[in-house]
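J.: Guided by the hints, dock chain G onto chain Y, whose structure is given.
For the protein sequence lines, the chains are Y and G, in the order given.
According to our numbering, the first sequence is numbered sequentially starting from 1.
According to our numbering, the second sequence is numbered sequentially starting from 1001.
No lab work stands behind these hints: they were computed from the structure.
Computed from a prediction, not measured in an experiment: that's the story for all the values here.
Honestly, I wouldn't trust all of these hints.
Claimed, not checked - Straight line, CA to CA, 25 Å or less: simulated SDA-like cross-link-like pairs of lysine to any residue:
no., chain 1, residue 1, chain 2, residue 2
1, Y, K202, Y, P272
2, Y, K281, G, A1189
3, Y, K286, G, V1074
4, Y, K202, G, A1189
5, Y, K202, Y, P236
6, Y, K286, G, G1179
7, Y, K286, G, H1083
8, Y, K202, G, G1193
9, Y, K281, G, I1166
10, Y, K202, Y, Q249
11, Y, K308, Y, Y158
12, Y, K276, Y, T58
13, Y, K286, Y, V188
14, Y, K281, Y, H219
15, Y, K276, Y, P164
16, Y, K286, G, I1166
17, Y, K276, Y, I223
18, Y, K286, G, A1189
19, Y, K276, Y, P186
20, Y, K286, G, G1193
21, Y, K202, G, I1166
Stated by the list, open to error - Covered stretches of chain Y (in silico footprint by chain G; criterion: 3 or more residues with CB under 8 Å from a CB of chain G, positions within the stretch not fixed):
no., segment
22, 62-68
23, 130-140
24, 171-183
25, 210-216
26, 223-234
Glycine is no exception: its CB is placed at the ideal position from the N, C-alpha and C atoms.
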Amino acid sequence: MIEVLRPGMMLTVQDAGRFGFRHAGVSQAGPMDQGAHALANALVGNGPQAAALEFATTGGTFRAHSACRIAVTGGTPEVRIDTDVVAAGESHRMEKGQTLSIGTMPDSTWGYLAVSGGFEVPLVMGSRATHLRSGIGALVQAGAHLPLGSHDPRAPCYTTYRQPAPLPATTIIRAVAGPQDDAFAPEVLEQFFGDVFTVSPKRDRMAMVLDGPALPARHGHDIVSDGTVMGSVQVPGSGHPLVLMAESQTTGGYPKIATVIGADLARLAQLPTGRKFRFEKVTQEKAEDLWVHHIRHQRALLHPLRVKIARRRP
Amino acid sequence: MACPDIPRRTIMDDIRILPCGDQALSFQISDRIDPDVNARIIALAAALGAAAIAGVTEYVPTYRALLVRYDPEVLRGAELARHLRRLYASLQPDRAPARLWRIPVWYGGPAALDLADLAAEKGMTAEALAALHSASDFRVFMIGFAPGFAYLGGLPEALHTPRLEIPRQMVPAGAIGIGGQQASINSVAGPSGWRFIGSTPVRLFDPARNPAFLLTAGDAVRFTPVDAATYDRLTARAATGDPLVAPEVLS
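The following block holds chain Y by itself, in its conformation from the complex (with noise of 0.2 Å):
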């Protein structure tokens, strides 16, 4: 049993994700960083589908109610258990009544706190993970006590061979034209693929919005609607664009100009608030060869983990 002293901002339980459940209108939710998401599974010992909590930007405290190991990833924040500092992107004991203080991300956005055995909340149509939207859990508030899932709290802690990559200083975000890049001029399709674009502080689970260039389409900004996706990137009347993100519609009726490519997704979401980039166009094909390049490297990361060489106690 984990207890929340204090949450952090945005904080509530995902697991993988909720599939299958678009043509019924519920997006998947799940981890807007899914690698962070699953290497702090990983890292306890816990499988991908296992729920963790995910929080934006700050962490907030936590007290363990039995042993367990806990692992923080998704940034580098200041992690303490008591008063000790522990490194993020690694797992660590807790013993019974020790308190974890997870701080703010420096930048990053999207944090991951893992434990060992998984935040077994109930499910709901086969997941634990939180939509706000469609009123599927809720956000964690101070006092909550999760429950944990079985697991071996003397079990190995371990690290990762090699460290996720750093944010570049030139953020670059790949993306695929369409499904409605027609809807627009040539030249502000240019536009779309050359000026830089900035996060704007209207963001959450299901959107970013981005401070840039206003993108007109030639015959206005109603199509009959259809589907959607995580990535996709609408423009409404305004004509500044939004990134459709975990928590998102399931269909829109705005013209979407491109997709975001798997492979970048997360990198976006990561993307602290004013931080500014570029769309790059990649063909479909391409961009499912990058994706299927990331996410084997991504199990590599995953498989195998070091095993830390457990502190003496005196």
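T.: Same frame as chain Y, but now just chain G:
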């Protein structure tokens, strides 16, 4: 029943296969809202499901397009497009809905936010407006936007009404709406710019209930007027997880 009035050749010529990133594509056959177009999309979705193609992970039928998600480690978009073209070319779409839902509606109460205004605007009584709405045959064109939210076609022209310029912040679940030429049943509470004329006790989405969802794209819907007392009684039953309604299977 096939669609004899639309030549197959024209149908094929309208096909556009649009990339949606690296794990989805949209098989689009038209840019119109039309029951025949929608029936073909729903038939294609059924054919795709029956074909059980490895690497197809999920699909979403909408008005005039089928969004298909795939796993590029197993199946490439170009290959999926070939599968979809083949399936579409051998479709036998059936225009007639297979299921009919009779949804009870109280044309009144707190969710009938626009009933009086709309009736006045249309030069009819609220009772006449309700009678017109409940005498119409609706078709579920698609489920989307929010969990279980049903976009309905078949709204009589006399009831077509533009959406509000400034959406309301909170409209309750179950509210019966009109937006342009479409009708809707609100599945969850939320903001909306649609106009609302009543409320159903039926919950189109209840994550704690099995089944969590009721309507599916392609279903037929008719609204049955009920009074306030019946509405209250049914609402109490719905709160216990009772779906209240079951579909009639149409031959």
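J.: Y/K281 and G/A1189 were given as a pair; does the straight-line alpha-carbon distance stay at or below 25 Å?
T.: Distance ~38 Å between Y/K281 and G/A1189 Cα, so the pair is violated.
J.: Taking a Cβ-Cβ distance under 8 Å as contact, does the segment 130-140 of chain Y have three or more residues in contact with chain G?
T.: Result for this restraint: holds, n = 4.
J.: Y/K276 and Y/P164 were given as a pair; does the straight-line alpha-carbon distance stay at or below 25 Å?
T.: holds (21 Å)
J.: Run the distance test for Y/K286 versus G/H1083: straight-line Cα separation, threshold 25 Å.
T.: Holds: Y/K286 and G/H1083 sit about 20 Å apart, inside 25 Å.
J.: Closer than 8 Å Cβ to Cβ for three or more residues is the test here. Does the segment 223-234 of chain Y pass it with chain G?
T.: With 9 residues closer than 8 Å to chain G, the segment 223-234 of chain Y meets the three-residue bar; holds.
J.: Residue count check for the segment 62-68 of chain Y against chain G: does it reach three with CB-CB under 8 Å?
T.: Answer violated; 0 residues pass the 8 Å Cβ test.
J.: Are Y/K202 and Y/P272 close enough, with their CA atoms no more than 25 Å apart?
T.: holds (12 Å)
J.: Are the Cα positions of Y/K202 and Y/P236 separated by 25 Å at most?
T.: holds (14 Å)
J.: Quickly compare the C-alpha distance for Y/K286 and G/V1074 to 25 Å and report which way the hint goes.
T.: Answer holds: Y/K286 to G/V1074 is near 15 Å, not above 25 Å.
J.: CA of Y/K202 to CA of G/G1193, is that 25 Å or under?
T.: This hinted pair holds, its Cα atoms lying about 21 Å apart.
J.: Is it true that the CA of Y/K202 sits at most 25 Å from the CA of G/I1166?
T.: Within the cut-off at roughly 19 Å; holds.
J.: Compare the distance between the alpha carbons of Y/K286 and G/A1189 with 25 Å, and conclude whether the hinted pair is satisfied.
T.: violated (41 Å)
Hints 2, 6, 9, 16, 17, 18, 20, 22 and 25, counting from the list given before, are not met by this structure.
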